[in-house]
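Novice: Those sequence lines, one after another, are chains A, B and C.
Per this note's numbering, the first sequence starts with residue 1, numbered consecutively.
Per this note's numbering, the second sequence starts with residue 1001, numbered consecutively.
Per this note's numbering, the third sequence starts with residue 2001, numbered consecutively.
These are calculated hints, taken from the structure and not from any lab test.
Among the hints, a few may not be true.
[As the list claims (entries may be wrong)] Heads up, simulated DSSO-like pairs for lysine-lysine below, C-alpha to C-alpha not over 27 Å straight-line:
id: 1; chain 1: B; residue 1: 1006; chain 2: C; residue 2: 2021
id: 2; chain 1: C; residue 1: 2437; chain 2: C; residue 2: 2460
id: 3; chain 1: C; residue 1: 2436; chain 2: C; residue 2: 2370
id: 4; chain 1: B; residue 1: 1006; chain 2: C; residue 2: 2582
id: 5; chain 1: C; residue 1: 2726; chain 2: C; residue 2: 2700
id: 6; chain 1: C; residue 1: 2045; chain 2: C; residue 2: 2168
id: 7; chain 1: C; residue 1: 2666; chain 2: C; residue 2: 2727
id: 8; chain 1: C; residue 1: 2322; chain 2: B; residue 2: 1005
id: 9; chain 1: C; residue 1: 2851; chain 2: B; residue 2: 1006
id: 10; chain 1: C; residue 1: 2790; chain 2: C; residue 2: 2616
id: 11; chain 1: C; residue 1: 2751; chain 2: C; residue 2: 2727
id: 12; chain 1: C; residue 1: 2437; chain 2: C; residue 2: 2031
id: 13; chain 1: C; residue 1: 2582; chain 2: C; residue 2: 2552
id: 14; chain 1: C; residue 1: 2616; chain 2: C; residue 2: 2658
id: 15; chain 1: C; residue 1: 2322; chain 2: B; residue 2: 1006
id: 16; chain 1: C; residue 1: 2041; chain 2: C; residue 2: 2208
id: 17; chain 1: C; residue 1: 2520; chain 2: C; residue 2: 2851
id: 18; chain 1: C; residue 1: 2851; chain 2: B; residue 2: 1005
id: 19; chain 1: C; residue 1: 2520; chain 2: B; residue 2: 1006
id: 20; chain 1: C; residue 1: 2107; chain 2: C; residue 2: 2021
id: 21; chain 1: C; residue 1: 2582; chain 2: B; residue 2: 1005
id: 22; chain 1: C; residue 1: 2208; chain 2: C; residue 2: 2582
id: 23; chain 1: C; residue 1: 2168; chain 2: C; residue 2: 2208
[Stated by the list, open to error] If the Cβ cut is set under 10 Å, some of the chain C residues that face chain A in the computed set are:
id: 24; residue: 2908
id: 25; residue: 2910
id: 26; residue: 2924
Just so it is clear, CB atoms sit at the ideal spot from N, CA and C, and this is done for glycine as well.
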Amino acid sequence: MSYEPKIIAFCCNWCSYAAADLAGTARMQYPPNVRIIRVMCSGMVHPEFVLNAFSQGADGVLVLG
Amino acid sequence: MLDTKKLGSVMVVGGGITGIQTALDLADSGYYVYLVERSGAIGGAMAQLDKTFPTNDCSM
Amino acid sequence: MTLSEVTGIAGEAGNFQVTVKEHPRYVDMDKCIACGECTTKCPKKVPSEYDAATGKRKAIYVKYAQAVPLKYQIDPVNCIRLNKPGACGFCEKVCPADAVNFDDTEKMHQLNVGAVVLAPGFETFDPAKNWTWGYGRYPNVVTAMQFERYLSASGPTEGHLNRPSDGKEVTKVAFLQCVGSRDEHKCGNGYCSSVCCMYAIKEAVMAKDHVAGLQTSIFMMDMRTHGKEFDRYYVNAERDAGVRFVRCRVHGVEPEGDSGDLRLHYINEEGRQVEEYFDMVVLSVGLQIPDYVKELGAIAGIRLTHDGFASTSDFSPVSTSKPGIFTCGVFSGPKDIPQSVMEGSAAAAAVADSLAPARGELTAEKTFPKQREVGGEAPNTGVFVCHCGSNIAGVVDVEAVAAYAETLPGVGHVERNLFSCSQDTQEQMTQIIKEKKLNRVVVAACTPRTHEPLFRETLKSAGLNEYLVEMANIRNQNSWVHSNDPTTATAKAKDLVRMAVAKVNQQESLEPISVPITQKALVVGGGIAGMSAALNMAEQGFAVNLVEKTDKLGGNALLLGHSWSGESIQDRTRKLIDTVHKNENIVVHHGFEVTDAKGFVGNFTSTIATKDGLEKTIEHGVGVIATGGGALRPSEYGYGSIPNVVTALEFDRLFELKEHRAANAKSVVFIQCVGSREGNRLYCSKVCCTHSVQSAISLKQEDPTRMVYILYRDMRTYGQREELYKKARALGVIFINYELHGKPSVSVENKRLSVEVWDHILHRPLAIKADMVVLATAIVPNPDGEKLNKLYKISLDGDGFFQEAHAKLRPVDCATDGMFLAGLAHYPKPVEESVNQALAASARAATLLSKTSVSLDAVKAQPILENCDGCALCIDVCPYHAIDLAEHPVGEDGMVHKYITVNKAQCKGCGLCQGTCPKRGVAVQGYTMEQIASQVEAALAV
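Bound conformation, chain A alone (with noise of 0.2 Å):
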């Protein structure tokens, strides 16, 4: 099987969050690897949650803001 990358994406209400419904809006196709977690700031995203990602298996974290 081929590899399929794990990535979190962490996006800001305001600004990514935003892109990825105008995104869907557009019908703009993208590779479906991403779990997007909305959050109110990029700001609010702890140093931790980064490694707790890769600790339980991410093989990729996006901070959006």
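Assemble chains B and C onto chain A, guided by the hints.
Specialist: Then chains B and C, alone, in the frame of chain A:
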């Protein structure tokens, strides 16, 4: 005899984006609003638009 | 009230008796569950109005998928049963709710209201009325509204751009502008419809996303992209998206044999006759007032213009000729969405002014059942999976997702809904939450950014704390972006539901914070906009502080002559100033500027000061920024060095005073777009075309032998102003188009001015001898913007104007709650648009001022005292200064313990504190460390 006192209710004729805005603002500031629409649902012309400038939001 | 029309209006302002005729729907609104069974069975297909006849609907139908109310209706003209008793009737048989009622009848209602607002809208021009465009004869000639439906994912082709005649993918489209506008011969509509240029560009750009390599051409006379940010879009459309603009009015469309292709003849910019083929032609149809609206005007007894628009004054743009009856939207003149929304609010303000004493008399607060306490209960989570019609269900296997949801921990109930957001589903959800005693809810549907507020209301109605809901975004971030891969999309939907369940199971009830409102307003700027806003709020009964930097009110209006419709700005402004001064609710602070501001919605404290340092503090609940703009001091065309080159405002003055240069001038040249639409100022100043045309008319009327030239890039006499443009041409004013790469130049020859410009019609350079050159200079933002931006945290756009919260839907609100915009501070605009925006600002402000308290979102930072050790790292990072350090001597050890406190009214819940805190001493409710960790865990669990 007609009472000369003013009534706290308003009729908004037309349920497009403009009429909806008027109705909402009036309702939010303490008036009773009747929104009268000619067709079967409100929304008007904007509901027909696919996307709008500049954010290209779907207009729903 | 739907399917209803006004048939009579009696009475007078304050007390009207309105007769409303409600047409039968033949479907019982209370019973219809919008399942759509009826439509499936209905045998009758007719063109859909919603799809502008590009698609079909049935005789029993719902106007569109997201319609409000989402209730079916029968079209009596096309229904077989209603036309032939005993026939058909399938819908009645299949309706599971027994909602179809063929015996439904027309109802008449008598309603007493204090005021009437007419916002009946427009119809688009029907191009079939004239054969030259081939509309109705050649299938690939469509209207812009039809094109919009072809582009729409909910349209007849699901967003695929295939041409109607043969389904071939479109590769080359032409847009013809001004179909049904600026044309008295073919349609009788002499005015400009104002919106078609912009929508044509939008459609041309959007269409390119639908078909790779699509060529789009727009044939136009003038591009009228005068709105905020519109010119930048125009430039980008040409430069980046590759939309071609051809300055030529095409007079006819011809078919190319039977191929379906269409031939256009036109004259290109080199002056040659050209023939070009397109596989689709879009007619940019104008807006007009339908006959039934003209009848409504007659019923209301208001005056209409000869084009059928409601006649209004520039200083009271939403008041009709009859007191107590107001108008807004396209009925009072062609306008786009933001202008219409603004005017909608403005009409609300005008009504509120006229009915101020009766406010609150007939309204009742919406009440919700008492909240059920769920603190001690184990999660009993309900999962609602939305089909969103076929938006989700067309890609994701929703049944599998629902079945999977049942296996998740804490889940007690799962169901699927066709449209979770529809009113009837809302009611069902409320019932189920109550019946099943659900204490957490997950809605797997679209985005929380638009729909979370709705589902929060649903929970409230069900007696549950509104924060116990979480949305799984399986549409915008799943079915729409993975439509080619249903299997993976279904798997991802399961993951998203699992993550949402994991999070919501740890969610606790939160109480919204209620903040009292100071029922007073501060208006910054005493021009027309500021005064109009202040006066309207004052008339509504609210106390207003009006701060004006200079020693007199009036602003730019003091320099202007006449509005476009010919009203004297001087007279009206003087009257306005007088009324403001006399109003007891307004305190005017001359010579003051805002120097400091603190607080938040409902509770602002602003400090104002004079130059000499005299200070005052003002408590206010809302603020209106109306700081205006100014005229650019030009640095080109010899301004400042050649004496007879003057700005438009200077010329007005010279002309009015009959100063010899203006009075004796035999040849006057106006140069448009001086400082606008180029370089850093890539915006249209909106008023200058009309201004120059008005001045040109005055010059010609005073002395018809004068030569008057207007050198322009696009004449933007939009809307009903077009009449002035026509008048100027009829009077012999000469209009010469120039392009940015061939700007005119001004020199002095033998003591006379010479203006050189390339004439695009004659295809040669012209040298015009002139006695005076008038520069139509740009409107530039007030430099004080920067300061106010910092004080009130209201952002400026790239051009230095204040940024509204949403370009279309919230055109007067600032992103900062409780602050509003009006006038030139927002964007260049003429008098009636400034007044409109000012009234709108007042209406928006009144939605706050009319209440004694406002509820704020409960997502706030909460200190966790047992973990916080008062290190204060979070205080530095908090952008809202909402965190303070408190000291607290604690019992036995006698030590002074420090910890943080959060001012919840100032906290926006951004969580910078949470991200910074090394000790888990602070958490944002609804986004706690535990919750986010559980989402991460759930995301990676499979």
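Novice: Work down the list of hints and note, for each, if the structure agrees.
Specialist: A quick look at each hint next to the structure:
For a cut-off of 27 Å, the pair hint linking residue 1006 of chain B to residue 2021 of chain C stands: about 24 Å separates their Cα positions. Restraint check: the Cα-Cα separation between residue 2437 of chain C and residue 2460 of chain C comes to about 14 Å, which is no more than 27 Å; the hinted pair holds. Under the criterion of a C-alpha separation no larger than 27 Å, the hint pairing residue 2436 of chain C with residue 2370 of chain C is consistent with the structure, at around 17 Å. The straight-line distance between the Cα atoms of residue 1006 of chain B and residue 2582 of chain C is roughly 24 Å, inside the 27 Å bound, and the hint therefore holds.
Simply put, residue 2726 of chain C and residue 2700 of chain C have alpha-carbon atoms about 13 Å apart, close enough for the 27 Å limit, and the pair holds. Between residue 2045 of chain C and residue 2168 of chain C the alpha-carbon distance is near 24 Å, which keeps this suggested pair within the 27 Å criterion. A hinted pair counts as satisfied when its Cα atoms are at most 27 Å apart, and residue 2666 of chain C with residue 2727 of chain C qualifies at roughly 20 Å. Under the criterion of a C-alpha separation no larger than 27 Å, the hint pairing residue 2322 of chain C with residue 1005 of chain B is consistent with the structure, at around 18 Å.
With a C-alpha separation of about 21 Å, the suggested pair residue 2851 of chain C and residue 1006 of chain B falls inside the 27 Å cut-off, and the hint holds. A threshold of 27 Å between alpha carbons decides the hint, and for residue 2790 of chain C with residue 2616 of chain C the separation of about 19 Å falls inside it, so the pair holds. With a CA separation close to 32 Å, the supplied pair residue 2751 of chain C and residue 2727 of chain C exceeds the 27 Å bound. This hinted pair checks out: residue 2437 of chain C and residue 2031 of chain C have alpha carbons roughly 25 Å apart, not beyond 27 Å.
About 15 Å separates the Cα atoms of residue 2582 of chain C and residue 2552 of chain C, which keeps this hinted pair within 27 Å; it holds. Proposed proximity of residue 2616 of chain C and residue 2658 of chain C is contradicted: the alpha carbons are some 45 Å apart, above 27 Å. Using a Cα cut-off of 27 Å, the hinted pair residue 2322 of chain C and residue 1006 of chain B holds, with the two alpha carbons roughly 16 Å apart. About 38 Å separates the Cα atoms of residue 2041 of chain C and residue 2208 of chain C, which puts this hinted pair outside 27 Å; it is violated.
The suggested pairing of residue 2520 of chain C with residue 2851 of chain C holds, with an alpha-carbon distance near 11 Å, which does not exceed 27 Å. Between residue 2851 of chain C and residue 1005 of chain B the CA atoms are separated by roughly 23 Å; this keeps the pair inside 27 Å, and the hint holds. At roughly 24 Å between alpha-carbon atoms, residue 2520 of chain C and residue 1006 of chain B fall within 27 Å of each other, so this suggested pair holds. Annotation: proposed proximity of residue 2107 of chain C to residue 2021 of chain C holds, straight-line Cα distance about 6 Å (limit 27 Å).
Proposed proximity of residue 2582 of chain C and residue 1005 of chain B is supported: the alpha carbons are some 25 Å apart, at most 27 Å. For the given pair, residue 2208 of chain C sits about 57 Å from residue 2582 of chain C by alpha-carbon distance, which is inconsistent with the 27 Å threshold. For the hint pairing residue 2168 of chain C with residue 2208 of chain C, the CA-to-CA distance comes to about 16 Å; that is within 27 Å, so the pair holds. Contact between residue 2908 of chain C and chain A, as hinted, is supported at the beta carbon level, the nearest pair being about 8 Å apart and thus within 10 Å.
Evaluation of the residue 2910 of chain C hint against chain A yields a held restraint, the C-beta minimum of about 4 Å falling below 10 Å. Hint status for residue 2924 of chain C: holds, given a least beta-carbon distance of 6 Å to chain A, under 10 Å.
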